[in-house]
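Using the hints provided, position chain W relative to the given structure of chain R.
Protein chains: 2
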Amino acid sequence: MHLEPLISPKRVNLRDRDARRPAELRDDDLKDRTEKLTDRLRDLQRAFYADGRRALLVVLQGRDAAGKDGAIRKVFGACNPQGCQVTSFKQPTPLELRHDFLWRVHAAMPPHGMIGLFNRSHYEDVLVVRVNDLVPKRVWSKRYDQINDFERMLTQNGVVILKFFLHVSRDEQRLRLIERLEDPEKNWKFNAGDLDDRARWKEYTAAYTDAIRKCSTKWAPWYVVPADSNRVRDHLVADVVVRTLEKLNPIYPSADPSVLELASTIV
Amino acid sequence: MHLEPLISPKRVNLRDRDARRPAELRDDDLKDRTEKLTDRLRDLQRAFYADGRRALLVVLQGRDAAGKDGAIRKVFGACNPQGCQVTSFKQPTPLELRHDFLWRVHAAMPPHGMIGLFNRSHYEDVLVVRVNDLVPKRVWSKRYDQINDFERMLTQNGVVILKFFLHVSRDEQRLRLIERLEDPEKNWKFNAGDLDDRARWKEYTAAYTDAIRKCSTKWAPWYVVPADSNRVRDHLVADVVVRTLEKLNPIYPSADPSVLELASTIV
Chain R
7 MHLEPLISPK RVNLRDRDAR RPAELRDDDL KDRTEKLTDR LRDLQRAFYA DGRRALLVVL
67 QGRDAAGKDG AIRKVFGACN PQGCQVTSFK QPTPLELRHD FLWRVHAAMP PHGMIGLFNR
127 SHYEDVLVVR VNDLVPKRVW SKRYDQINDF ERMLTQNGVV ILKFFLHVSR DEQRLRLIER
187 LEDPEKNWKF NAGDLDDRAR WKEYTAAYTD AIRKCSTKWA PWYVVPADSN RVRDHLVADV
247 VVRTLEKLNP IYPSADPSVL ELASTIV
Chain W
7 MHLEPLISPK RVNLRDRDAR RPAELRDDDL KDRTEKLTDR LRDLQRAFYA DGRRALLVVL
67 QGRDAAGKDG AIRKVFGACN PQGCQVTSFK QPTPLELRHD FLWRVHAAMP PHGMIGLFNR
127 SHYEDVLVVR VNDLVPKRVW SKRYDQINDF ERMLTQNGVV ILKFFLHVSR DEQRLRLIER
187 LEDPEKNWKF NAGDLDDRAR WKEYTAAYTD AIRKCSTKWA PWYVVPADSN RVRDHLVADV
247 VVRTLEKLNP IYPSADPSVL ELASTIV
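Protein chains in written order, with this note's numbering: chain R, 7 to 273; chain W, 7 to 273.
Treat each hint with caution, since some may be false.
For identical chains, the list gives no copy identity; a pair is met inside one copy or between any two copies.
Said to hold, decoys possible - Pairs of lysine to any residue residues, derived as SDA-like cross-links and limited to a Cα-Cα distance of at most 25 Å, are as follows:
| no. | residue 1 | residue 2 |
| --- | --- | --- |
| 1 | K143 | D155 |
| 2 | K220 | R204 |
| 3 | K195 | I184 |
| 4 | K195 | R46 |
| 5 | K37 | E191 |
| 6 | K195 | L183 |
| 7 | K37 | G83 |
| 8 | K195 | R48 |
None of these hints come from the bench; they were simulated from the model.
Excised from the complex, chain R in its bound form:
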């Protein structure tokens, strides 16, 4: 099973049942198949870095405990850290708030040859900002077009963009939040605000739906990942990334012929 990019017609379903493990991915060897994909990713990334003509930007969005950190660790843990940079967008600093919302995002863009992972992103500016009325509607409502324009500019300048919404159901989130609270290696991450967001489940669903509908473009499509199962999540994300890199067909640049002649001169 491959995830298809959501382009037009802009059908998007964020119903709870769409977060479940798809029937096609019930097999026991899913983990092994994902490992083959991440092995392939390791090789592709090496060539992608050498090729250096494009950057790959992977945007990860999702509710609390949807598995953004896990996807980074499990899928991109295979990458050479020299070719892969992660930016976690937290609550903006006072300086960042004095800039337009794309300023800090633009600054964090991966250069050509690199894979950049965004753990949350500029989409928070039409999600948490919208749900909590942090700016007026007349401000955030213009951002969908602004984002599309920005992302178009990026792709026209060599950045390949993949956007993943890790879709977790309300029940699964409950289990994960409780598990997180009970695990001394995880409960330090917990903050009471996570529960406020959970209380606004429907508002967030509406905001995510709009973000995905309005900003799933040919040049920067959204993928909705059923993420109630971590293994399914890792598999589907790895699969999209690998297929994208394969299509880009990165090649090792050829050396200058004059350089090749140097071999005989090394004493």
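Using the frame of chain R, we list chain W on its own:
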């Protein structure tokens, strides 16, 4: 065998024979032992990230083909990319040249919780800069003290610093440069300047020796890694990093008791 930090007395040997595989590390299972260390590194890094009270800065220096890229891939490939950032310092840009030499280095410092890897570093400003007379001696000769002061300030503010000189012999470098030229996945990296540096082998040896002697401090020691064997290099670097993190004994912060009580409220 563990590498010892070079502090005072500042004996440092960069003779070719010190680059060879040490007798203690001739065993066949070295790769397995290194893998155990990198597994341990993975766990420690997770806790180090959670702990968030310190940053770890790992400086990698060495001649061309000494194995800086390889050490990053093999040792730190085990890390979660979210907790590990790599900065490669290339020839300074015009803007960087209009700043003091520590400016771009300071900006790239890992924040608390992160492991930062420097592929080359501010030491280039007493290495390539000195050997090629890019600034007058009265300028570069003051930099050793400036570096020591800067690194002291960093360590007093929560950055733990490890500096590795990957020591490769002249013969081994020759083999690697030729191999690089013959490998179509590697020869694109080659530039003729690498050979100019090789032609100045002795001047570089003197410059490295001074950098290590003058800047191996209690707070930021240098480690000289015999790097003619990649496996030895990976093993010794991993060993120092793991022992350093173990000594720091990172702990998962405990959650606020009021947060723990929230579990029963999640519906």
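Query - List of violated hint numbers, smallest to largest - result: none
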